[in-house]
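**Q** Here's the letter readout for the chains.
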Amino acid sequence: MELELTERDGPITCARLTGRLDTAGADRIGLQMTAGVVATARPAIVDLSGVSFISSMGIRLLLSCAKGLKGKGQTMAIFGAQPAVQEVFEQSGLEEILDIVPDEPHALARIA
Amino acid sequence: MATTPDEVGGGARARRPGRRLSADALEELLSITRHLATPFELSALLTEVAMAACKILRAERGSVWLLDVEAAELVLEVSSDATQVRLPLGQGLVGACARERRMINVPDCYADPRFNPLVDRRTGLHTRCSLTLPLFDIAGELVGVMQVLNKSRGVFDAADETLAEALAAQCAVALARARMTAQWMEMTKLRESLELARLVQTSGLPKSLPVLPGYAMHATFRPAAETGGDTYDLALIEGRLLVLLADASGHGIGPALSVMQMQAMLRMAFRMGADLGGVFRAVNDQLADTLPDGHFVTAFIGLLDPTDHRLRFLSGGQAPILCYRAESDAFEAFKATSFPMGAAVLVRERSAVEVVLDRGDWLVLLSDGIYEYENADGEAFGRDRVEETVRAARDEAPDVVAARILEALHAFAGAAPQDDDITMVLLRRMPPPSALS
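Residue numbers (our numbering), protein chains in the order written: chain A, 1425 to 1536; chain B, 7 to 443.
Please keep in mind that the hints were generated in silico from the structure rather than gathered at the bench.
Note that the coordinates shown come from a computational prediction; the quantities given were computed from them, not determined experimentally.
Built from N, CA and C at the ideal position, the CB exists for glycine as well.
Check each hint, because a few of them may be wrong.
In silico contact screen, one side only, chain B against chain A (beta carbon under 8 Å); selected entries [claimed, not checked]:
no.	residue
1	255
2	304
3	325
4	326
5	350
6	355
7	378
8	403
9	405
Can you build the whole structure from these sequences, using the hints too?
**A** Structural data, given as structure tokens:
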């Protein structure tokens, strides 16, 4: 599991995740992602196109980042989910509380 | 700690030709070594070390810095005055000592370009001279740096260096012991916490399953080595069957307590005649209020009326919900009716999904410990294998079906370890007697 954090104009945070977002993956990037996404208190987009699998611990990480940012008056949009990951979001009712959009332009529009 | 004079000095690294310890110094060092053998707690030990260094070397201040490998910093752990200071590895005399892994004796600090006056400014001390030496563990890895400042008269000499190295060698042994003790205590605490969590988790499970004419049911609970937060309930309450499968995110005592609290709230609420939608929302919002950020409980909560065979349910993030239909010999799958419970407040009450169980139909609720169980190739067990197994065993009793699922799971996963709880709740409306073979 890899996490790449970049800063874009705005400024906004872009978090790009690659690998399996399971318990081990979430453990690996959890602190770095929370620090990079929530602590900066900027709007954020999260690119999941490189994530092949998500478990409940992965969901917990996304939820806690989204919640943390919301607490700071900012939004976080998730985009690029692969079909298997998108299926998990739909099946478990997460679309209601996470901003999940198909691609980067939609994500940027959502946090604008 | 038993120490012979030959060992004092920590071997070849510390001993130099012509620099033997004097009898007085040796006695002093041995007395300090005995002191170092007592404390098992790291900060108490380091305080002893710093005090001992000051005493034995006639220094004004003594400090111990520990290496934080991940942050690549040296952290001032113990000093008679300064509060915690962090220095990037390589900065100052302490940093230089860590980098070069050798003792640095500086008679005039302000004349040395490596000296960092920042710490002086924070502590208000004027550093004249210093003796800084690395602390190695038994394996020879650097664990920290010890420093003494301002000898009471003059500067630190060769005899001081020998003494300091002998002390550092003793200190390293004591440090290694303190770290091992801390690790052992951490493991013991963790194990106790896990055992307590397991106890909490299993004590909440029903002791026996209700008997409901026309139905057969079974529940399996197999906790993972590091306990997860699964629970289930099957209970007859006011003529209806409560069916619950819940999985709290995370491991340990916290999740176990959340699901147990939830289960208790549900039983009480339904016993008092509360309606499903209202209870679901109340429990969700209560969890949203009490769970730490990012934590949640996925839960299927259903009530079966055995008189008309209507099962009404709500599911917070628990999916898939599988229903095997005998007549069509096919599965009907339902997704969650809302997000995982406690992840947010429910803005509006949800209406329950209603399913009528016909004769021979099955309700199959499995925790993600089954669906997500991976084999050595990282492939998950998945829904198709569950459906296939249940369908093949559909005419068996629920406990047999559960056993078949576990068999299939183990055949699939091989030696791959179970890292999440496995929970199954199976409910079958019995087929008419004529259909039974």
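**Q** Have a go at the residue 255 of chain B hint: is there a Cβ in chain A nearer than 8 Å to its own Cβ?
**A** Residue 255 of chain B check passes; min Cβ-Cβ to chain A is 5 Å, inside 8 Å.
**Q** Does residue 326 of chain B hold up as a contact with chain A if the rule is Cβ-Cβ below 8 Å?
**A** holds, 6 Å
**Q** Does residue 403 of chain B meet its interface restraint, that is, does its C-beta lie within less than 8 Å of any C-beta in chain A?
**A** violated, 29 Å
**Q** With a cut-off of 8 Å, does the beta carbon of residue 405 of chain B approach a beta carbon of chain A closely enough for the hint to hold?
**A** This hint is violated: residue 405 of chain B lies away from chain A, its Cβ roughly 27 Å from the closest one there, beyond 8 Å.
**Q** Residue 350 of chain B was flagged as interface toward chain A. Is the shortest Cβ-Cβ separation under 8 Å?
**A** holds, 5 Å
**Q** Could you check if residue 304 of chain B really has its C-beta closer than 8 Å to a C-beta on chain A?
**A** holds, 7 Å
**Q** Mind checking the CB of residue 378 of chain B against every CB in chain A and telling me if the closest is under 8 Å?
**A** Since the shortest Cβ distance to chain A is 6 Å, the answer is holds.
**Q** Let me know if the C-beta of residue 355 of chain B comes in closer than 8 Å to any C-beta of chain A, holds or violated.
**A** violated, 14 Å
**Q** Answer holds if the nearest beta-carbon of chain A is closer than 8 Å to that of residue 325 of chain B; otherwise answer violated.
**A** Since the shortest Cβ distance to chain A is 4 Å, the answer is holds.
Checked against the numbered hints above, the structure violates hints 6, 8 and 9; every other hint is satisfied.
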